[in-house]
Amino acid sequence: MSTEAAIDIDREKGNFSYDTEYEYNAGIGLTEETVNYITDVKGEDDWVRAFRLKALESFRSKPLPTHWATKDLENIDFDKFRYYLSKGQQPSRTWDDVPDDVKETFERLGIPEQERAFLAGVEAQFDSEAAYSRMKDDLAKEGVIFVGSTEGLKDHPEIFRKFFGKVIPTGDNKFSALNSAVFSGGSFIYVPPGVKVKQPLQAYFRINAENFGQFERTLIIADEGAEVTYMEGCTAPKFETTTLHSAVVELVALKGAKIQYITVQNWSANVFNLVTKRGLAEEDAEIKWIDCNIGSRLTMKYPGVILKGRGARGEVLSIALAGDGQHQDTGAKMIHMADNTTSNIIAKSISIGEGQSTYRGQVHIPKHLKGCRNNTECDALLINTNSRTDTYPAITVRGDDNSVQHEASVSKVNAEQIFYLMQRGLNEGEAMSLAVNGFVNDLVKQFPMEYSVELKRLIDMEMEGSVG
Amino acid sequence: MSVLEIENLKVNIDDKEILNGLSLTLPKGEVHAIMGPNGTGKSTLAKALAGHENYEITGGSATMNGEDILALEIDEIARAGLFLAFQYPVEIPGVSIANFIRAALNSRQEEDIDAVAYYKSLYAEMENLGIDRKFTSRSVNEGFSGGEKKRCEILQMAMLKPEFCILDETDSGLDVDALKVVAEGVNQMRGEERGILVITHYQRLLNYIVPDKVHIMMDGRIVKSGDKSLALEVEERGYDWIKEEIAAGV
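So the protein sequences, as listed, match chains C and Z.
All residue numbers for the first sequence refer to the working numbering, where the first residue is 1 and numbers rise by one.
All residue numbers for the second sequence refer to the working numbering, where the first residue is 1 and numbers rise by one.
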């Protein structure tokens with residue numbers, strides 16, 4: 001049977017915060033001093049300091065991408081955020097050692113319970129740093145590393161530095177540059193050759209403080225033939241002011257490795273969620289992103305895979321649900337760089353009321369390659385006439401021996417469907433919910449059980465709230 | 001008061017009067033048929049009783065076991081015991097038949113239905129109606145043939161066990177074999193605990209579902225009622241003689 005997964009089952013569940021005393025606080029606003037403060041507190045090497053300061057320059061030099069993205073980005077006031085808040089540097093290995101208010105936060109979100117039920121390891125981040133990090137002992141014996149990025153950088157620099165910033169360069173975009181300047185927290189995972197981690201590793205990102213920016217940095221490396229599944233959940237309390245979440249996630253799957261990365265973000269409606277996620281797949285490796293965006297004010301996220309080695313496979317399965325006042329600007333990137341690489345994108349979006357969904361895709365197969373295939377499907381479902389959806393698929397496929405399939409559809413839940421469902425006894429909310437779950441069903445079936453059950457409950461909650 | 005009672009019902013669609021004073025009494029335990037030429041408002045009656053919002057009730061009453069159903073929402077009418085087998089069943093992509101019927105059953109009870117007991121009764125009813133088990137996982141009405149859709153309506157009816165059923169042109173689009181299966185399914189549901197109203201354009205269906213009463217509907221109301229011989233007479237003579245009777249004030 002299924003177990004509870006680490007996403008909150010309703011909007012209100014995550015809507016609480018504690019008045020927390022922070023040991024370390026970089027203050028308000030972003031300057032060189034902020035960056036130096038963070039790097040000093042963490043006791044980082046000089047190369048990291050230099051990396052951060054250079055990134056700050058890059059961030060400053062780049063304009064907001066409002067020439068293609070929403071003007072709502074202009075409402076982010078970078079001078080008003082706090083960029084680093086923590087209670088201490090060392091994540092605890094037992095929940096008993098976690099400070100009470102932090103522990104209580106994660107207990108309310110059900111994290112320790114899920115850890116016992118079905119996870120191989122958990123990292124729980126509270127504002128800027130991991131408060132708790134633990135992995136099952138047998139995995140450690142096999143050489144698996146699962147720690148916070150702060151620890152990873154300190155204790156495993158030889159692996160960390162080799163891959164850090166290689167999949168997503170600092171200047172990839174304004175927000176990856178911002179993250180590179182002030183990153184803190186996130187996971188560092190290394191799975192040695194041939195090791196298959198059977199249960200998922202999970203991270204939970206919690207924002208507690210107001211006017212805060214969370215900038216976790218995750219780096220996952222699956223060595224040759226290794227396999228790992230990583231899941232992340234996230235929530236924040238709903239503040240009047242805006243909150244910024246800007247992560248960078250890099251995945252590296254070496255020859256024959258498999259990485260599955262699952263996200264269910266249910267940020268509160270005041271969060272700008274601007275995240276860069278990309279994986280690099282070597283020969284015969286496979287990277288699969290499962291990306292569910294339910295919350296936030298604005299999400300901009302386009303998980304990608306660089307198919308670098310022959311026979312590499314990339315996949316993005318994404319679901320976006322844009323309720324009133326939300327904009328889910330999501331998509332996928334597939335960059336084919338070797339023969340016989342295949343990619344698959346299935347994106348489904350649901351727009352309710354004033355909610356807006358945008359799909360942006362980029363598929364690139366150059367002329368000199370052979371035997372490459374891409375399949376892209378994007379389906380949008382509109383509920384209520386005010387809803388809006390846009391699709392911008394950019395597919396560049398050259399060469400005779402490569403193939404691409406693209407399908408897009410826009411549909412509405414129509415009144416006759418609702419009448420039919422209600423005539424069988426379902427109330428309006430249940431009818432909507434059933435229709436919406438039906439729309440995402442073929443995609444959700446590919447999710448791990450724990451997530452599909454929870455996603456269904458989130459959709460039920462959202463749909464029942466959306467009707468009179 | 002085990003009766004569906006419609007009195008002087010008036011219904012508009014887009015300000016145009018479609019039903020203008022329809023009266024009908026359907027007691028439990030009986031099967032009534034409504035026949036009539038195209039465009040006389042037969043389907044309007046079905047949808048208006050089910051609470052469809054496009055059908056504006058401008059007068060009259062409709063009660064089920066004494067309860068005013070015109071005041072209820074679509075789902076409340078359904079849960080109160082009225083089932084409509086649709087003339088054109090609607091496709092619901094991605095929702096399996098099994099999940100759909102289960103959700104419908106769960107909407108009627110506090111506790112969710114036990115999964116084992118549910119599938120047992122579902123499979124039994126499907127077998128009864130000659131529906132292949134693979135249909136349980138197929139999306140509701142999506143890609144179904146006409147016959148499959150109609151059988152699926154009867155399957156839902158059999159599972160939900162409503163007190164009153166309206167079958168809206170259930171015979172349309174069916175070949176004789178499919179018609180027999182559907183009729184057999186309906187006949188098995190006949191009984192003291194249920195009233196059934198069969199709306200049809202052709203008498204053919206009534207060879208298989210033999211009604212206790214036949215009503216002829218024209219221009220938005222019932223103009224003549226009789227026993228099953230009336231249906232045969234209509235088949236033989238058409239509707240014009242009834243019009244002439246009315247005109248002559250018989």
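Hints in this document: simulated from the structure, not taken from any laboratory.
Predicted model, so just to flag it, every value in this text is computed and none were measured.
Check before you lean on any hint, since a few could be wrong.
Said to hold, decoys possible - Derived SDA-like pairs: lysine to any residue, alpha-carbon spacing no greater than 20 Å straight-line:
| id | chain 1 | residue 1 | chain 2 | residue 2 |
| --- | --- | --- | --- | --- |
| 1 | C | Lys412 | Z | Glu142 |
| 2 | C | Lys456 | C | Asp442 |
| 3 | C | Lys456 | Z | Asn99 |
| 4 | Z | Lys243 | Z | Tyr202 |
| 5 | C | Lys412 | Z | His52 |
| 6 | C | Lys412 | Z | Glu91 |
| 7 | C | Lys445 | Z | Thr136 |
| 8 | C | Lys456 | Z | Ser139 |
| 9 | C | Lys238 | C | Gly194 |
Hints and how they fare:
{"no.": "1", "hint": "Lys412/C <-> Glu142/Z", "verdict": "holds (16 Å)"}
{"no.": "2", "hint": "Lys456/C <-> Asp442/C", "verdict": "holds (13 Å)"}
{"no.": "3", "hint": "Lys456/C <-> Asn99/Z", "verdict": "holds (13 Å)"}
{"no.": "4", "hint": "Lys243/Z <-> Tyr202/Z", "verdict": "holds (18 Å)"}
{"no.": "5", "hint": "Lys412/C <-> His52/Z", "verdict": "holds (19 Å)"}
{"no.": "6", "hint": "Lys412/C <-> Glu91/Z", "verdict": "holds (13 Å)"}
{"no.": "7", "hint": "Lys445/C <-> Thr136/Z", "verdict": "holds (16 Å)"}
{"no.": "8", "hint": "Lys456/C <-> Ser139/Z", "verdict": "holds (17 Å)"}
{"no.": "9", "hint": "Lys238/C <-> Gly194/C", "verdict": "violated (43 Å)"}
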